[in-house]
Amino acid sequence: MDARTPDSIRYVAKNMRLDLRLIAEMIPAGAKVLDIGCGDGALLAHLTAEKGADARGIEIDMAAATQAVAQGLAVIHGDADHDLAFYPDGAFDYVVLSRTLQAVERPREVLRQMLRIGRHAIVSFPNFGHWLVRWQLLWTGRMPMTETWHRPWHETPNIHPCTIRDFFDLCALDGYVVEQWLAVDERGLKAPWKRSVSLANLFGEQALFQLRRG
Amino acid sequence: MPAPIAPFPQVDHQRALFPEGLALDCGMVIRPLAVAYRTYGTLNAARSNAVLVCHALTGDQYVAERHPLTGRPGWWESIVGPGKPIDTDRFFVICANVLGGCMGSTGPREEMTDAEGRGLGRPWGTDFPNITIRDMVRAQKKLVEHLGIRRLLGVVGGSMGGMQVLEWAATFPETVFGAAPIATAAYHSAQNIAFHEVGRAAIHADPDWKGGRYWEDGRVPARGLSVARMVAHITYLSEKALTRKFGRRLRGASAVTFLEDVFEVESYLRHQGSTFVRRFDANSYLTITRAMDYFDLAAEHGGDLASAFRGTATRFFVASFSSDWLFPTEESRAIVRALNAAAANVSFVEIASDKGHDAFLLDEPDFHRALGGFLAGCADRVGV
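Protein chains in written order, with our numbering: chain A, 1030 to 1243; chain B, 34 to 417.
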């Protein structure tokens, strides 16, 4: 829609996390996208610059939100639990929530809102079913501390951890269609356990799902 | 009792005159219409780089230059200028004195005219019609057309200026590419109306006001107007800012003497009041505060704020300041939510500041970066 892309946006887009690249691959050109928890707007910048998307964001951290706005991106300071309710039905083609689902107050409601305002939802979350997490809890009897789950239980913002299996169950419960899914390692590289949920649940550090309403 | 203060001197302001006048929301037509304005920077050949700045209640068109009356720097020189967030090297910046103002635009201080536009040899005074924020915006629209500009790259303003920005975006969406309402609200709250009423009551209670006809004997209701300014000034600051600036310090003494003690904060407010009356007209103050009180954008659109923006292609940048209790963040958030409901393109930040409502005029680097980034983004997209 926009004739030109500001240079500042091109700059941010170049420095995008690998897992965001995987998400970007799922989104077709020209889509209307809402990125919840967009940080400094790397994914938005990429989608705007490379895919001509109408990309908007919500970010809870004020410094990051200000940074994104200063790049000329359409980002509002807000959060998933409180701000999604104000968007109209079907306002977006894709609504993205990356590495944030486990930190929201009401994950089930957030998912419901995402699929109300968007035709597709793309969700990534750290998999609590990873073997190292299981092993640490079993062997030490304490809350796991890994590269992904690296904050002590009393400080972590991740109040709703789940496993890949749990997430499939929630999708079934609420009637969402899993259009595609994959398990990835911490750096966002695809892992080869796509065929087996059990293996993915054991060896995938992060999970990435694309859903639609049933 | 202080010596009577004469009306401030006449200054020749740059003006555009519209003989056809302006039809007001109250049903009256005011003619001719004069709009006093200043511009900064250069309009490009495509006429696509114009940014309109809307001033607040007691501001005026002298946004980025020495004020001809007070000799003080422009009220938004930190924002408007070469290399500043509203970059006059890149943008053609326009700022107009609002309808009802007292710096050269049609208002209570200007000569009253009859229905045919003939001068009546006396100022409007309190006979000036009740105006609205939308009337102010319609007057600015005439100026913008007069300057040959079809679409404004940006409309930017804080406080009452922000109300005008919202009204611009709602009334003339095709004319506004980017809108930046700052430290404002989509309606004037009961608390804000109440503070305004205290100010108006102070003016009304001043015997020098003479039912609004103070111009007859060349005086101004200085006591009433200065009290109005003092009250209003408190609402522009935060408790923390007052404490930081003045605390409980006394003027010329280290301890209370129970004689003629003057707290620093008292002295500051008196100074604010006494300088204000030398540059602002009391009847203008009454007219403009009333226009702010009338403002309720949702009510103009059937009670639903989102419907004021439905289908808009305008990009929005909304900003609030955490310690602003006159136009609190919740009011900005309500605007953002309405814009979201209308599927509008919107950015929003709440800037952490302890400086109260005044923060939008002061040195707030995060705010400046965000506003500058928003406008630069608009300019890149339009190809300016």
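It is worth saying that the hints were derived from the structure and are not from the lab.
Do not rely on the hints blindly, as some may be mistaken.
[Said to hold, decoys possible] Cross-link-like lysine-lysine pairs, in silico, DSBU-like; alpha carbons within 35 Å at most:
1) A:K1080 to A:K1061
2) B:K175 to B:K117
3) B:K174 to A:K1061
4) B:K243 to B:K117
5) B:K175 to B:K273
6) A:K1080 to B:K117
7) B:K174 to B:K117
8) A:K1061 to B:K117
_Hints violated by the structure (listed by number, smallest first)_ = The structure breaks hints 4 and 5; every other hint is satisfied.
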